[in-house]
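Taken in sequence, the protein lines are chains A and B. The first sequence lines up with residues 1 to 118 when you count with our numbering. The second sequence lines up with residues 1 to 113 when you count with our numbering.
Read the hints as simulated data drawn from the structure, not as lab findings. Among these hints, one or two may not hold up.
Stated by the list, open to error - As a list, the in silico DSS-like pairs of lysine-lysine whose alpha-carbon atoms are at most 27 Å apart:
#, chain 1, residue 1, chain 2, residue 2
1, A, 41, B, 105
2, A, 14, A, 66
3, B, 105, A, 66
4, B, 3, B, 105
5, A, 41, B, 73
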Amino acid sequence: GAVVSQHPSWVICKSGTSVKIECRSLDFQATTMFWYRQFPKQSLMLMATSNEGSKATYEQGVEKDKFLINHASLTLSTLTVTSAHPEDSSFYICSATGGRTSFAGELFFGEGSRLTVL
Amino acid sequence: AQKITQTQPGMFVQEKEAVTLDCTYDTSDPSYGLFWYKQPSSGEMIFLIYQGSYDQQNATEGRYSLNFQKARKSANLVISASQLGDSAMYFCAMRDRDDKIIFGKGTRLHILP
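Chain B with its partners taken away, still in its complex shape (with noise of 0.2 Å):
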C-alpha cells in the first residue's frame, strides 16, 4: 500500500531562515508523482512544486524546490529566505497510477518574525 510519512508535526522558523520540511514516501508502483501543497487557515490547497518519479533533477520552483532522493524514497521540501506568509500547514502527497493523490499527516509551519 501506498504511504507518505511528514514526521514533523510543526516547526518554528526565524524569518528570512531557510526551513526544509520532511517526507518519506513508499510506493511499489515504478511509476509516480510527488506533490508538495500549502494550506493556510482559509483551508485552500495551494500547489507547490511536483517531482516526477522519473525526472532526473530536481524540481525547483521559485523559493521552493524539493530535494528528491529516489533510493532513500524522500521528498524533502525547501523553502528558501522564508517569509511571515509561508506560516501554514504543508502536506506532501503522492500520487498513483490512478490519479487519486494521498497526503501525508502534514507539518504545521510557523515563521518567527
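Excised from the complex, chain A in its bound form (with noise of 0.2 Å):
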C-alpha cells in the first residue's frame, strides 16, 4: 500500500524555538494532508486540513500563526510549531489522500511524531 512518511519521529527542543515536522507521500501524489494532534491517553482532533498550493484551512481553535503549515509540492507538507512552549508538547500525525473516494486505502497515516518542548 501506499506509503506516509514523517520525519522527524521524536524531537526534543528548548522553549521558544521553532520546529519543523515534514509529512511526504512517498509514492503517490497526495492532493490534501491533514495535521492532527494528540496529547496523551486523549484521541486524534483535528488540526488543519492542507491542500497542494492553497492555504491551510484550520478548525477552530487551532492559532494559524502558531502552527505555520506548508503544502507546496504533491508529495510534502509542513508543519512549523513556531516559539514552541511546553504546552505544545504532544504527538503529531499527518495523513494524506489523493483524492475523494470511498475506499478507505486511499487515505493513509504517518508514522507520527514526538514533540517534548522542555
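Join the two chains into one complex using the hints; note that each chain is given alone, in its own frame.
Next comes the structure, spelled out in C-alpha cells:
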C-alpha cells in the first residue's frame, strides 16, 4: 500500500524555538494532507487541512500563526510549531489522500512525530 | 455537527474470546465512511476496517468485522478469537465529504493471557 512518512519521529527542543515536521507521501501524489495532534491518552484532534498550492484551512481554536502549514508540492507538507512552549508538547500525525474516494485504503497516516518542549 | 462516541474507555478480555467495541456516530450527511483504527503504544495508526454508508453488507477483514446498524447509527467493531497482540487503543472514526476524519475518544483494549 501507499506510504506516508513523517520526520522527525522524535524531537526535543527548548522553549521559544521553532520546530518543523515533515510529512511526505512516498509513492503517490497527495492532493490533500491533514494534520492531527494527540495528547497522551486522548484522541486525535484535527488541526488543519492542507491542499497543495493553497492556504491551509484551520480548525476552530487552532492558532494559524503558531502552527504554520505549508503544502508546496504534491508529496510534501510541513508543520512548523513556532515559538514552541511546553504546552505544545504532543504527538503530531499527518494523513494524506490522493483524492476523493470511498475506498478507505486511499487515506494514509504517517508514523507520527513526538514533540517535547523543555 | 458530526460526532463519534465511544463509551468504553477501557476493556479487559480473556485471550481467545471475542470482543465488541462500541461506536455510535451522528451526521446529517447521507454519504459518509466509517473506520476503525488500532493504535499500539508505538503511536502509528493502523487501519483495520472500513464501512461505507451505502454498503449493504457488513464489512469483514479477517478477524475483524463491523456490525453496521445504520438506523441506530452504530458501527461496532467485533474482534473474534482475540490475541495478546490485539492489546492497543482502538479508535472509531468517520470521514465526511471533505475527506476529513474525526475520531472518537478511543477504547483501550487489554487482552489477558
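Here is what the structure says about each hint:
Taking the CA atoms of residue 41 of chain A and residue 105 of chain B, the gap is near 9 Å; set against the 27 Å cutoff, the hint holds. Restraint check for residue 14 of chain A and residue 66 of chain A: the C-alpha separation of about 16 Å stays at or below 27 Å, so the hint holds. A distance of roughly 25 Å separates the Cα atoms of residue 105 of chain B and residue 66 of chain A; the hinted pair therefore holds under the 27 Å criterion. For the hint pairing residue 3 of chain B with residue 105 of chain B, the CA-to-CA distance comes to about 11 Å; that is within 27 Å, so the pair holds.
With a C-alpha separation of about 26 Å, the suggested pair residue 41 of chain A and residue 73 of chain B falls inside the 27 Å cut-off, and the hint holds.
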